[in-house]
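Protein sequences appear in the order of chains A and B. Note that the working numbering has the first sequence beginning at 1, numbered continuously upward. Note that the working numbering has the second sequence beginning at 1001, numbered continuously upward.
Be careful, since some hints might not be right.
Using C-beta positions, here's what the derived DEER-type ranges look like [claimed, not checked]:
id, chain 1, residue 1, chain 2, residue 2, range
1, B, Gly1167, A, Arg210, 41 to 47 Å
2, A, Tyr12, B, His1057, 52 to 58 Å
3, B, Lys1241, A, Trp221, 29 to 35 Å
4, A, Gly183, B, Leu1155, 53 to 59 Å
5, B, His1057, A, Arg60, 55 to 61 Å
6, B, Lys1241, A, Tyr12, 36 to 42 Å
7, A, Glu174, B, Leu1093, 31 to 37 Å
8, B, Arg1259, A, Glu124, 26 to 32 Å
9, A, Arg115, B, Tyr1078, 39 to 45 Å
10, A, Asn112, B, Lys1241, 29 to 35 Å
Here are the computed lysine-lysine pairs in the DSS-like style, where the Cα-Cα straight-line distance is at most 30 Å [what the hints assert, rightly or not]:
id, chain 1, residue 1, chain 2, residue 2
11, B, Lys1112, A, Lys130
12, A, Lys76, B, Lys1241
13, B, Lys1241, A, Lys130
14, A, Lys170, A, Lys228
Simulated from the structure, these hints should not be mistaken for lab results. Think of the CB as a built atom: it goes at the ideal place given N, C-alpha and C, for glycine as much as any other residue.
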Amino acid sequence: MLLELNQVNTFYGTSHVLQDVSLQVEGAEVVALLGRNGVGKTTSLRSIMGLTPPASGSIRFHEEEIAPLPPYAKAKLGLAYMPDDLRIFPDLTCEENLEIAARLARRQGYWNKQRVMELFPVLEERRRQKGLNMSGGEKKMLSLGRALMSNPSLVLLDEPSEGLAPLIVKALVEAINTIREHGVTILLADQNLKFCRRVCDRGYIIEKGRIMHSGNMEEIWADEAVVKKYLAL
Amino acid sequence: MLESFVHVCLAGLSKGMFIWLVASGLTLIFGVLGVLNFAHGSFYMLGAYFCFSLLSHLGHNFWLGLILGPLFVCLVGYVVERYFLRYVYHIDLPYQLLLTFAFVLIFDDLVKVVWGAGSIGSPSVAGLSGSVRILGRLFPSYSLFIILVGPLVALGLWGLLEKTWAGRIIRAASSDREMASALGVRVPALFTAVFVFGTWLGAVGGGLAVPYVGLLTPGMGESIIIDAFVVAVIGGLGSLKGAFLGALIIGLLSSFGTRFLPTFDMFLTFILMAIVLLWRPQGFFGEEAAR
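In isolation and in its complexed conformation, chain A is listed as follows (with noise of 0.2 Å):
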């Protein structure tokens, strides 16, 4: 197992916002994280890079307890994290935002700028522009290439399909699946049920902090009681 949630608890203040929560992902997997606006998506993302450490649970990463680690220590272990805000670095530049995460981690593997600019060209373009002049989509791609650029074993990301155009979705569903060609397992918090059935083979749903349900991306699609109760908007 590459990922293990075991009853995770984690607070912002004093309110419980993850209570419980238990997942697996397995190594070369893409699952979902599924469920409306506040569930707790994002909040167990960041439990799991360790932005909001969870208060009790253990979280095992290449069968290791990461829960106590801070975020720069899970980074150097193989986890990668894009927000759901992207956080692009404004004052630095597209390439120098991808450069530095690699520099960072300091991990080896097929990815390097090179080949996240082969994946999202629109970076190659945008080089030398600073973070701060980029628009939304181009954001976005340079905030999964800067999570790439670690070398991760698995990557976090917070709500990947969100905000997109329909055709940039398409061009993003194919690149999500050329990164899992080449290892990297991916846990994907997102609403749109749709995307990540293209994209996912597991999903778990979360509602107000807890996993209510669990299963095959395609057995979730087909389940109309579930989707209503726990997706439908």
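Could you slot chain B onto chain A? The hints should help.
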């Protein structure tokens, strides 16, 4: 008339460059750590005293003192950041100011204990005590040297921040420390390093002041930190470019004030700050939104 104008300008430039040396460390620390370090003037003072002491013990080799003295102050800066300031980053700015102000008082008293409460006349430095003739009048060569050092420090800082990976990592962490940590930056260690480097800048400013100010006094940090704060505020808090420009303006203004309106010297500085803040509350190069 022209000679007098040129000489007032030169005096203003050298004063401005001193303020810049202190304001640069203050600005760097604020820009990266978000801490307004009131004790930065104390690092300037300690730099001056350490250099002075080394000067008398090292056979009057000023340059050796200037290299070694600030290193001692860096140790002090390390202790201040690592064991005190680190615990107030997440609370309100007034608490940070109170803590750093407490350090001002502590360091002033420590200096009184170690070096005495009176002022110490600083020795003249061999080779730097001469003057050069500019437009028929004598100007201290050491002041000219300071006018050169200021822009060199500015250039060095610019190169470090813009052209090296250490600088890019510092800029990334100062704009978004959480994302930087998720990419592998040990943010607390980086903050300590930046604080110590800022301390070093202040201490070097103090060391360079030894032959310039003539007298070392336990309160010498306060007068310069007020100028440095004014400069940092009008330049835009956290902006090195702004601090450099601000230091030039305040240095020249104070020099012209002393020459033509001696009674209004300090007044001019603060009236300028008030005007700049009314016209552009964030300073020349400050961010639109407050951090």
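Legend entry - Hints violated by the structure (listed by number, smallest first): The structure breaks hints 3, 4, 7, 8, 11, 12; every other hint is satisfied.
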